[in-house]
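Just need the whole structure built from these sequences, with the hints factored in.
For reference, the chains in residue letters:
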Amino acid sequence: MISLPLQIVLTAITASILAGVTCSLIGVFVVQMKLSSIGYCMSHAAFAGAALGLLLALDPLLSALALSTLVALILGPISEKAKLSPGVITGIMFSLTIGLGFIFLNFAPGVAATQQALSILWGSIFSVTFDDLILLGLLTFFIVLLLILFFKEFQALMFSRKLAEASGINTSLFYFLILFLAGVTVAFTLKLVGGLLVFALIVNPASAALQFIYDLKKVFVVSPIIGALTCLLGFLLSLLLDFPIGSSIVIVSSFTFGVSVMLSPKRRRG
Amino acid sequence: MGKVIVKLLKVDTIYEGEHLPAIKDINLEIEQGEIISIIGPNGSGKTTLLETINGLLKISRGEVRVFDVDMSRYSMKVRKDIAYVPQDFISEPTVPFLAQDIVLMGRYGKIGLLRSPGKGDLEIAKEAMRLVGVDEFAHRPIGKLSGGEQQKVMIARAIAQEPKLLLLDEPFSHLDVDSKTEISEKICKLHEEKGWTTVVVTHDLSSIPRRCDRVLVMNRGRIVAEEDPESVIGRKESLTVFFKETKQ
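In order, the protein sequence lines correspond to chains A and B. Take the first sequence: its position 37, counted from the start at 1, is 97 in the working numbering, and no numbers get skipped. Take the second sequence: its position 148, counted from the start at 1, is 656 in the working numbering, and no numbers get skipped.
Just so you know, the hints here were simulated from the structure itself, not pulled from any lab data. Incorrect hints may have been included.
Unchecked claim - With a Cα cut of at most 25 Å, we get these calculated BS3-like pairs of lysine-lysine: (1) B/Lys566 with A/Lys141; (2) A/Lys278 with B/Lys652; (3) A/Lys222 with B/Lys511; (4) A/Lys277 with B/Lys627; (5) B/Lys515 with A/Lys222; (6) B/Lys511 with B/Lys697; (7) B/Lys618 with A/Lys277; (8) A/Lys278 with B/Lys627; (9) B/Lys634 with B/Lys694; (10) A/Lys277 with B/Lys652; (11) B/Lys532 with A/Lys141; (12) B/Lys618 with B/Lys566; (13) B/Lys702 with B/Lys634; (14) B/Lys618 with B/Lys697; (15) A/Lys277 with A/Lys94; (16) B/Lys532 with A/Lys222; (17) A/Lys94 with A/Lys278; (18) B/Lys634 with A/Lys278; (19) A/Lys141 with A/Lys222; (20) B/Lys702 with B/Lys627; (21) A/Lys277 with B/Lys634; (22) A/Lys141 with A/Lys326; (23) B/Lys697 with A/Lys94; (24) B/Lys688 with A/Lys326; (25) B/Lys627 with B/Lys672; (26) B/Lys585 with A/Lys141; (27) A/Lys222 with B/Lys652; (28) B/Lys688 with B/Lys702; (29) B/Lys702 with B/Lys672; (30) B/Lys532 with B/Lys618; (31) B/Lys585 with B/Lys518; (32) B/Lys618 with A/Lys222; (33) B/Lys634 with A/Lys222; (34) A/Lys326 with A/Lys278; (35) B/Lys566 with B/Lys518; (36) B/Lys585 with A/Lys222; (37) A/Lys222 with B/Lys566.
Given below as structure tokens:
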């Protein structure tokens, strides 16, 4: 087991919990509204954005935020208008963003940049600073606040966009708000689990919660609890076995999802 | 003569990516308090007409006005007063929504932004569920209910909305004969009590409400005839047989 200063461990634990909560809250939207393909593209766009930031000597977080939000704002309307299947969107955008990301990394100068690039790719919780924590905390607060203020609109949209629109809700506004929040969440948690794995943290806890619960309000409570716990367990696993932190979190959250599918009462007959 | 609350003038609606209109050259006026049935075979444009009236579909020609509002520009303003029960709306068994949530959603447009449903809204939703006989399912997951029960929940949702205009698209297709008659009677009673205007789309003659003012016939995207309600209400044969008989 690796021994570390307490302050670093506490920062890492807090970051894990906040990232788990934020990602799994957004995950409920992504899973229930079947936005996985769009979200998947955004997570890789964030990776490409961070790589572009390194190349241009900008803050990788800001450039990741910019690119993933840009992709969210472009991809949403495009997929709606062009009626592209999720498979097509994922196939094209995944390879495009990964390709761009590696090109940017290839031209990023110096060994330090390469190290930073690897941390974007795989995540490095120990590089999380106090400022990152504050930002992540603010994002979590902002998402919870929006959920409380607009729960009924989100709920109606998640049940049926067409019916929500028919009853007078401005569905486009809330749909794009969800995409925007997904993009921001991905960018903010990139440092923790990395661009390649962040999406598992979004999808797995929400999918696990949805295996057991029929009440959307309860899903929004249980999903972040699962997210926070899997992040913590993943963090401990990485300390114990010296695994990369992002991979450990993804393994734990995937295992949790697998077990929840096996135990799910929704999948029993009768 | 009552006030005209729905007015379509030379309306064409073309689905995105298609060239031929799904409905063509529709002229229609519906007065406040009327119950109108629209019948026609599958693909005749009945659903497109309903979704053109409530502004879910954009028109490619003509003008649609509901409550004197131009629906191509300001439909969001009046949708809270238009309840819509879509055709064959069946939820997946695992979705995280309870029947009562769905009925309460009917109130959301009226409640408005930044406000939560209050006790009054919940009472209205419960009353709507009692009325269509789904109150015992209030806390059951919507996806676990049968097709008929889900259809009743959707009707309860529309009733809970307390609309001025009620648009029903094949609302009884999953109901047994007794339920169909019972719910249809209740809708007619509410229609009279609340002064609604109701449009029922169906391809099943036995689903036409007892107290129907006009029966419009659609075929290939056009309104092709208007039948005398007396000659249609209560008929049990299929549309094809009915049209063969009436042509002879």
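Results for each hint:
1. Taking the CA atoms of B/Lys566 and A/Lys141, the gap is near 14 Å; set against the 25 Å cutoff, the hint holds.
2. Distance restraint check for A/Lys278 and B/Lys652: the Cα-Cα separation of roughly 18 Å lies within the 25 Å cut-off, and the hinted pair is therefore satisfied.
3. Pair hint A/Lys222 plus B/Lys511 does not hold up; C-alpha atoms about 29 Å apart against a cutoff of 25 Å.
4. A C-alpha spacing of about 18 Å is found between A/Lys277 and B/Lys627, which places the hinted pair at or below 25 Å, so the restraint holds.
5. Proposed proximity of B/Lys515 and A/Lys222 is supported: the alpha carbons are some 23 Å apart, at most 25 Å.
6. With a C-alpha separation of about 21 Å, the suggested pairing of B/Lys511 with B/Lys697 holds against the 25 Å cut-off.
7. Note on B/Lys618 and A/Lys277: the hinted pairing holds, with a Cα-Cα distance of about 21 Å set against a maximum of 25 Å.
8. For the proposed pair A/Lys278 and B/Lys627, the alpha carbon gap of about 20 Å is at most 25 Å, so the pair holds.
9. A hinted pair counts as satisfied when its Cα atoms are at most 25 Å apart, and B/Lys634 with B/Lys694 qualifies at roughly 16 Å.
10. Of the pairs offered as hints, the one joining A/Lys277 and B/Lys652 holds, with about 18 Å between alpha carbons and a cut-off of 25 Å not exceeded.
11. Straight-line distance between C-alpha atoms of B/Lys532 and A/Lys141 comes to about 23 Å, which keeps the hinted pair within the 25 Å bound.
12. Annotation: proposed proximity of B/Lys618 to B/Lys566 holds, straight-line Cα distance about 23 Å (limit 25 Å).
13. Using a Cα cut-off of 25 Å, the hinted pair B/Lys702 and B/Lys634 holds, with the two alpha carbons roughly 18 Å apart.
14. Only pairs whose Cα atoms come within 25 Å are accepted, and B/Lys618 paired with B/Lys697 is accepted, the gap being roughly 23 Å.
15. For the hint pairing A/Lys277 with A/Lys94, the CA-to-CA distance comes to about 18 Å; that is within 25 Å, so the pair holds.
16. Distance hint between B/Lys532 and A/Lys222 is fulfilled; the C-alpha atoms sit about 23 Å from each other, no more than 25 Å.
17. Distance hint between A/Lys94 and A/Lys278 is fulfilled; the C-alpha atoms sit about 19 Å from each other, no more than 25 Å.
18. Straight-line distance between C-alpha atoms of B/Lys634 and A/Lys278 comes to about 21 Å, which keeps the hinted pair within the 25 Å bound.
19. A hinted pair counts as satisfied when its Cα atoms are at most 25 Å apart, and A/Lys141 with A/Lys222 qualifies at roughly 15 Å.
20. A threshold of 25 Å between alpha carbons decides the hint, and for B/Lys702 with B/Lys627 the separation of about 21 Å falls inside it, so the pair holds.
21. Of the supplied pair hints, the one linking A/Lys277 and B/Lys634 holds, its CA atoms being roughly 19 Å apart against a limit of 25 Å.
22. A threshold of 25 Å between alpha carbons decides the hint, and for A/Lys141 with A/Lys326 the separation of about 34 Å lies outside it, so the pair is violated.
23. Of the supplied pair hints, the one linking B/Lys697 and A/Lys94 is violated, its CA atoms being roughly 40 Å apart against a limit of 25 Å.
24. Using a Cα cut-off of 25 Å, the hinted pair B/Lys688 and A/Lys326 is violated, with the two alpha carbons roughly 30 Å apart.
25. Distance check on the hinted pair: B/Lys627 and B/Lys672 sit about 22 Å apart at the alpha-carbon level, within 25 Å; holds.
26. For a cut-off of 25 Å, the pair hint linking B/Lys585 to A/Lys141 stands: about 24 Å separates their Cα positions.
27. As the CA atoms of A/Lys222 and B/Lys652 are separated by approximately 21 Å, the hinted pair is consistent with the 25 Å bound.
28. Proximity of B/Lys688 to B/Lys702 is assessed by CA-CA distance (about 21 Å); at most 25 Å being required, the pair is judged to hold.
29. Distance check on the hinted pair: B/Lys702 and B/Lys672 sit about 8 Å apart at the alpha-carbon level, within 25 Å; holds.
30. At most 25 Å may separate the alpha-carbon atoms for a hinted pair to count; B/Lys532 and B/Lys618 exceed this at roughly 33 Å.
31. This hinted pair checks out: B/Lys585 and B/Lys518 have alpha carbons roughly 23 Å apart, not beyond 25 Å.
32. The hinted pair formed by B/Lys618 and A/Lys222 meets the criterion: a straight-line CA distance of about 17 Å does not exceed 25 Å.
33. This hinted pair checks out: B/Lys634 and A/Lys222 have alpha carbons roughly 23 Å apart, not beyond 25 Å.
34. For the hint linking A/Lys326 to A/Lys278, the alpha-carbon distance of about 15 Å falls within 25 Å, and the restraint holds.
35. Distance check on the hinted pair: B/Lys566 and B/Lys518 sit about 14 Å apart at the alpha-carbon level, within 25 Å; holds.
36. Simply put, B/Lys585 and A/Lys222 have alpha-carbon atoms about 16 Å apart, close enough for the 25 Å limit, and the pair holds.
37. Among the hinted pairs, A/Lys222 with B/Lys566 is consistent with the structure: their alpha-carbon atoms are about 14 Å apart, no more than 25 Å.
The structure fails to meet hints 3, 22, 23, 24 and 30 from the earlier list, while all remaining hints are met.
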